[in-house]
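Asker: Given the coordinates of chain E, work out where chains V, D, X, W, L, Z, B, A and Y should sit on it, guided by the hints.
Residue numbers (the working numbering), protein chains in the order written: chain E, 1 to 147; chain V, 1 to 147; chain D, 1 to 147; chain X, 1 to 147; chain W, 1 to 147; chain L, 1 to 147; chain Z, 1 to 147; chain B, 1 to 147; chain A, 1 to 147; chain Y, 1 to 147.
Just so you know, the hints here were simulated from the structure itself, not pulled from any lab data.
Mixed in with the good hints there might be a few duds.
[To be verified] Here are the simulated lysine-lysine pairs, DSSO-like style, with alpha carbons at most 27 angstroms apart:
| # | chain 1 | residue 1 | chain 2 | residue 2 |
| --- | --- | --- | --- | --- |
| 1 | Z | Lys-52 | W | Lys-17 |
| 2 | A | Lys-14 | B | Lys-146 |
| 3 | W | Lys-13 | W | Lys-52 |
| 4 | E | Lys-20 | Y | Lys-146 |
| 5 | Y | Lys-14 | E | Lys-145 |
| 6 | Z | Lys-20 | Z | Lys-52 |
| 7 | B | Lys-52 | B | Lys-13 |
| 8 | Y | Lys-52 | Y | Lys-20 |
| 9 | W | Lys-14 | W | Lys-52 |
| 10 | Z | Lys-52 | Z | Lys-17 |
| 11 | L | Lys-20 | Z | Lys-146 |
| 12 | L | Lys-52 | L | Lys-20 |
| 13 | V | Lys-20 | V | Lys-52 |
| 14 | V | Lys-145 | E | Lys-20 |
| 15 | X | Lys-145 | W | Lys-52 |
| 16 | L | Lys-14 | X | Lys-52 |
| 17 | Y | Lys-145 | E | Lys-14 |
| 18 | A | Lys-20 | A | Lys-52 |
| 19 | L | Lys-146 | Z | Lys-14 |
| 20 | L | Lys-17 | X | Lys-52 |
| 21 | B | Lys-52 | B | Lys-20 |
| 22 | Y | Lys-146 | E | Lys-13 |
| 23 | Z | Lys-14 | L | Lys-145 |
| 24 | B | Lys-14 | A | Lys-145 |
Next come the chains, spelled out residue by residue.
Protein chains: 10
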Amino acid sequence: MTRDEVSQLIINKKRHKQLKWVQLAEAIGQSKEWTAAALLGQMTLSEAQAEKIGVLLELPVDAIEMLQVVPYKGSLPSAVPTDPLIYRFYELVNVYGVSIKELIHEEFGDGIMSAIDFSMDIRREPDPNGDRVHIEMSGKFLPYKKY
Amino acid sequence: MTRDEVSQLIINKKRHKQLKWVQLAEAIGQSKEWTAAALLGQMTLSEAQAEKIGVLLELPVDAIEMLQVVPYKGSLPSAVPTDPLIYRFYELVNVYGVSIKELIHEEFGDGIMSAIDFSMDIRREPDPNGDRVHIEMSGKFLPYKKY
Amino acid sequence: MTRDEVSQLIINKKRHKQLKWVQLAEAIGQSKEWTAAALLGQMTLSEAQAEKIGVLLELPVDAIEMLQVVPYKGSLPSAVPTDPLIYRFYELVNVYGVSIKELIHEEFGDGIMSAIDFSMDIRREPDPNGDRVHIEMSGKFLPYKKY
Amino acid sequence: MTRDEVSQLIINKKRHKQLKWVQLAEAIGQSKEWTAAALLGQMTLSEAQAEKIGVLLELPVDAIEMLQVVPYKGSLPSAVPTDPLIYRFYELVNVYGVSIKELIHEEFGDGIMSAIDFSMDIRREPDPNGDRVHIEMSGKFLPYKKY
Amino acid sequence: MTRDEVSQLIINKKRHKQLKWVQLAEAIGQSKEWTAAALLGQMTLSEAQAEKIGVLLELPVDAIEMLQVVPYKGSLPSAVPTDPLIYRFYELVNVYGVSIKELIHEEFGDGIMSAIDFSMDIRREPDPNGDRVHIEMSGKFLPYKKY
Amino acid sequence: MTRDEVSQLIINKKRHKQLKWVQLAEAIGQSKEWTAAALLGQMTLSEAQAEKIGVLLELPVDAIEMLQVVPYKGSLPSAVPTDPLIYRFYELVNVYGVSIKELIHEEFGDGIMSAIDFSMDIRREPDPNGDRVHIEMSGKFLPYKKY
Amino acid sequence: MTRDEVSQLIINKKRHKQLKWVQLAEAIGQSKEWTAAALLGQMTLSEAQAEKIGVLLELPVDAIEMLQVVPYKGSLPSAVPTDPLIYRFYELVNVYGVSIKELIHEEFGDGIMSAIDFSMDIRREPDPNGDRVHIEMSGKFLPYKKY
Amino acid sequence: MTRDEVSQLIINKKRHKQLKWVQLAEAIGQSKEWTAAALLGQMTLSEAQAEKIGVLLELPVDAIEMLQVVPYKGSLPSAVPTDPLIYRFYELVNVYGVSIKELIHEEFGDGIMSAIDFSMDIRREPDPNGDRVHIEMSGKFLPYKKY
Amino acid sequence: MTRDEVSQLIINKKRHKQLKWVQLAEAIGQSKEWTAAALLGQMTLSEAQAEKIGVLLELPVDAIEMLQVVPYKGSLPSAVPTDPLIYRFYELVNVYGVSIKELIHEEFGDGIMSAIDFSMDIRREPDPNGDRVHIEMSGKFLPYKKY
Amino acid sequence: MTRDEVSQLIINKKRHKQLKWVQLAEAIGQSKEWTAAALLGQMTLSEAQAEKIGVLLELPVDAIEMLQVVPYKGSLPSAVPTDPLIYRFYELVNVYGVSIKELIHEEFGDGIMSAIDFSMDIRREPDPNGDRVHIEMSGKFLPYKKY
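Chain E on its own, in the form it takes in the complex (with noise of 0.2 angstroms):
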């Protein structure tokens, strides 16, 4: 059983038992936007997490152990992504990198925003002219350490 079959079975689950990916974060006490990384093979769960989450979906002992390893992360089959959803991400790294890169030096000087002490919070946000998507990010910034 590979990786990328534990996440599909997930989500096979997941719709079959008609849960939401909130329900299945509060299980292990985890937000909804790391529980769904964790369980499409991007992050790595505990012991006791893989397998409440085991129950809750089923899951065979295989799939259970499997979530407890480090993954080989990246979740995209192509370097540019094709779907348009998440081309649209993609999209806005290409036109905003620069800017964001310029805007992060002006405040905080050379380094970098962590991909790794990160996180992350996606919600609906309401609006009269049709609702939009609120992403907030929050990474520790790092400097470049000089040696």
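Answerer: For chains V, D, X, W, L, Z, B, A and Y alone, kept in the frame of chain E given last:
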């Protein structure tokens, strides 16, 4: 004079004059995020805005005119960015892409977050363990039209 | 069962039963263009629609369920398509891309034609010199938000 | 003087003189779509047409001559376009490509829509929910020759 | 059964039965060039043709049906072919491409040689210094439509 | 002066002087196909030939010398050509590649058609349904050496 | 059974039976270099040779037949090889390519070294500072045909 | 002055002065293969060697200095070379790569042939059927260190 | 059984048996770094080593044999790695590559650090600000041979 | 003046003045590794540091200013480096990447070694069998944040 040369000139002039992005933004009544994107060749200024920037940064007429032309967008020199700061955002798309897709579809159904009817806010988030970069994105949800 | 296998199964069943796309489209109350896209893994059916298609094409439960899941979109196996018919459209984007961009910006200003709030109509255009393929596309113009 | 420089020069001259594509098109008796493509280095003008454009835009002799040479076509700097407006058309090919193929083959049999014996019309479609970009394409159907 | 599997099956059956391409071609009343392309997944047989081939090569019903479906064309596993024989043709396009373009445009004006209304003939050309491969191609010239 | 600049200069001079490829070819006693390839940087002229072309096209000494140097071959700016005329040949390799391979191997055994001991002839083939481009290629068959 | 599977089977059988390439080569009267290439899917055996190998390695009939079919050549899974031993040869082409080209053209004029009428010999070259790999290549020089 | 410009200058000077690579090689006491590689930007000359070449080819001081700097190596403009002569070597790596690997490992065990402690000799091999290019390579075998 | 399957099996067995890499390394008398590389398909075990690992991990005979075969090396599924941990090393090569090259050449002259006569040591470096990963690499310097 | 031109200028000036990296490093109170990276366009100098380097290398004001601007990082001209010295490091990532990942995760859990809070030391390691390049890397371990 190409658009890239205009962008390079603006960065140099801004450095010489010790101006901040927020000062340029206030001069044209937009956010610092939109302003940086516009001056770096990704958005289009109105004639009045272009002239104000032209005065502030002592740009030649050619450059002022070019800022009013809709640019061919895309600010990165390669499909997978090599700059560590920008790469981290590409990595977030790679690691979280499928999860973001799952969460948005669960909440909104089939569709995308617009990268056009979109705004972004970048700011420092003080934190005793090291300050953080805080980014908020807001994009209109666009449902796939059924016809 | 993967989504690709569902698409392949639908193509085979449709051929065996000698059904036309327009017949499948009428059964679910959509256009033939949207219907073909949906059944080939690019759009999402409602439960009622999926069940009607399931009956018409004698699909297994698994396939009927999958038609209701938002798919990872993108129907081509390579970045530059090799199939001559599809390549011609890619070529049109390559040859006319910058011209279309100029004409839309001249008429509407900076922004894009939505590929989400979008519809398409394909039909035969009789012509004494040989019939023609006639395609109409209509996409909402989305102006870049200034903020 | 390269062909790209001629295209760039034409865009600049057109902006300075505040001419519309439709005005340039009328001057040479063609559509605005074909005219934009020709002046941006994708089609070939006759001698009379090139000279009319040369007068209108005050082009040097070199540029007028180049407009009469069949160009090496292809207007985009990368295989997958980075500009959001142009990318949307690439995305349409990606999402709808196989569906268009299915529908054309069902109607016409094996063959392609010509991208050479082809015309295009782009216009504004007023709509209370926001105006739309309306594009009509008409290409001769070319059946695969059996021999 | 995928189209690739049908092609592989045909190659094996043809080898076992010691049939030549020209024999298969005669059975369906086409040239050996078109017939090889069709049986290797690039062209579409009529029902009568598919059944004759089915009998000759003892193909299963599934394969016979697939030969009547318009295939997703493109026979090579990579953008630059690795097989030395096929690469030589790619090399010819690379070395002679611009020259062929110049010569065709000089003779015909702007347009292309059709790859659809096209036929090809491959034969042995006896030569005392070593026999030669002789290939004739004939494609309709298609002038770019002005509109 | 680079080889590309020599090629560009030759194309410009040829246009100004209204010379045909066949006239340049006769001047050096070669075919128009070989001559176009040589003058566009893919073949090597003898000293006498280079000087004749130099006189005809009024080339500087530098260019005349460069025509006698074996060039780094390959005339296309990208692995998959974007120009529609040249792409059609690439498409033919893609669609017919495996078929040509099968037919040559059936006739000759394992080996290739030489792209070096090779000649080509391009001419107009009159046809009431529209004239055709007729191309003949002749390349020595080279069997794989067994050792 | 694909050709790759035949190659894999041969490698396994050879290891189990503890045979050397030179022993397989002697059995069919060829060099060890040609034999390895043929059995790994790059050259074509005669019927007699295939049967001898079939007996020696206890291959199934299917595999014996496949060894007599001209293969689609190219043994590497990526354009730039990742295996360090094979990469060193790619590196030699990269570092020395232009130099080899210069030296061959200086000696022979415009043309190539054939990779078809070609033989290779690999052997150990004893050396007190560490034994060396010694490779000799011999390929017929093919001058570009002038026509 | 870039290293590429130095290489181009050397090729031009060498042509004007009608010098052979072997003459340049003798002047600095190295082989013609190493000398060509060094002068084309792949190896590093000593100060004495660079000055001798500088006198012979009348190079400017800048160029003489650059010949003593370790270059960024790699002489080809694309990952898969387009020049037919150089491509043939790439093809040999592709067709024979796995076979060479098998033969070296059988003889030496796990390790590589060094491309650094390496020498090459290229010479004409007279042959009544057409002269041949003969290349000898000798590289130290480097076993993988176990630790 | 492919080499990838052997690697996957070893990872699973190791997890089930709760063995550490250092325990496997001690069993065969090598470092944990070399051992991990060997068991993950990049190095070659001796017969005795393979059998010890076979017993420890209860591997089938097939897998034990494969561990003694020199593998086709390269452990990553794409040219630019997507996994964040591995990408950081790729980024270091990208950011520091030219600097490392300068420093090694300044110290040693033209040549390389061997990746074959090479060893590596990875360990935890305690640090009050957060523990660090400490990696030591030692590779023989190989000077370019002059000949 | 672009950043690349600044890097090139620094390399030339350093060579003319016969300065070592360690001397430049001492002048600004950093290590030679960080200093080389900074002067080659990958790190950012303080104003005082830039001025010291400016005096030492006689740089123009423009260059001194650019050394204080955060650069767009990435020092290599292609995704897979062609220079043999730099490629060896890429190869190490390819061959050892998954092993390093396994060993770090076993020791630290899920997370990465920082390439930002990172230092490196390169030195000569004397060895009777040929001196070795010794590289030490130290990067903070960053655990994936759970949220």
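Asker: CA of Lys-17/L to CA of Lys-52/X, is that 27 angstroms or under?
Answerer: The hint holds at about 23 angstroms.
Asker: Would you check the hint for Lys-146/L and Lys-14/Z, treating anything up to 27 angstroms between C-alpha atoms as holding?
Answerer: 22 angstroms, holds
Asker: If you draw a straight line from the CA of Lys-14/A to the CA of Lys-146/B, is it 27 angstroms or shorter?
Answerer: 22 angstroms, holds
Asker: Starting from Lys-52/B, check that the Cα of Lys-20/B is at most 27 angstroms away, please.
Answerer: 15 angstroms, holds
Asker: For the pair supplied as a hint, Lys-14/B and Lys-145/A, confirm whether the alpha-carbon distance does not exceed 27 angstroms.
Answerer: The given pair, whose Cα atoms are some 25 angstroms apart, holds under the 27 angstroms limit.
Asker: Hint check: Lys-52/Z vs Lys-17/Z, CA-CA at most 27 angstroms. Holds or violated?
Answerer: 15 angstroms, holds
Asker: Is the Cα-Cα distance between Lys-145/Y and Lys-14/E 27 angstroms or less?
Answerer: 25 angstroms, holds
Asker: Is Lys-146/Y within 27 angstroms of Lys-13/E, Cα to Cα?
Answerer: 24 angstroms, holds
Asker: Holds or violated: Lys-52/L and Lys-20/L, Cα atoms, limit 27 angstroms.
Answerer: 15 angstroms, holds
Asker: Does Lys-52/V sit within 27 angstroms of Lys-20/V, going by the straight-line distance between their CA atoms?
Answerer: The hint holds at about 15 angstroms.
Asker: Has the given pair, Lys-52/Z with Lys-17/W, been kept, meaning a C-alpha gap of at most 27 angstroms?
Answerer: Holds: Lys-52/Z and Lys-17/W sit about 23 angstroms apart, inside 27 angstroms.
Asker: Starting from Lys-20/E, check that the Cα of Lys-146/Y is at most 27 angstroms away, please.
Answerer: Given pair Lys-20/E, Lys-146/Y holds - Cα atoms ~19 angstroms apart, limit 27 angstroms.
Against the hints set out earlier in the document, no violation occurs for any number.
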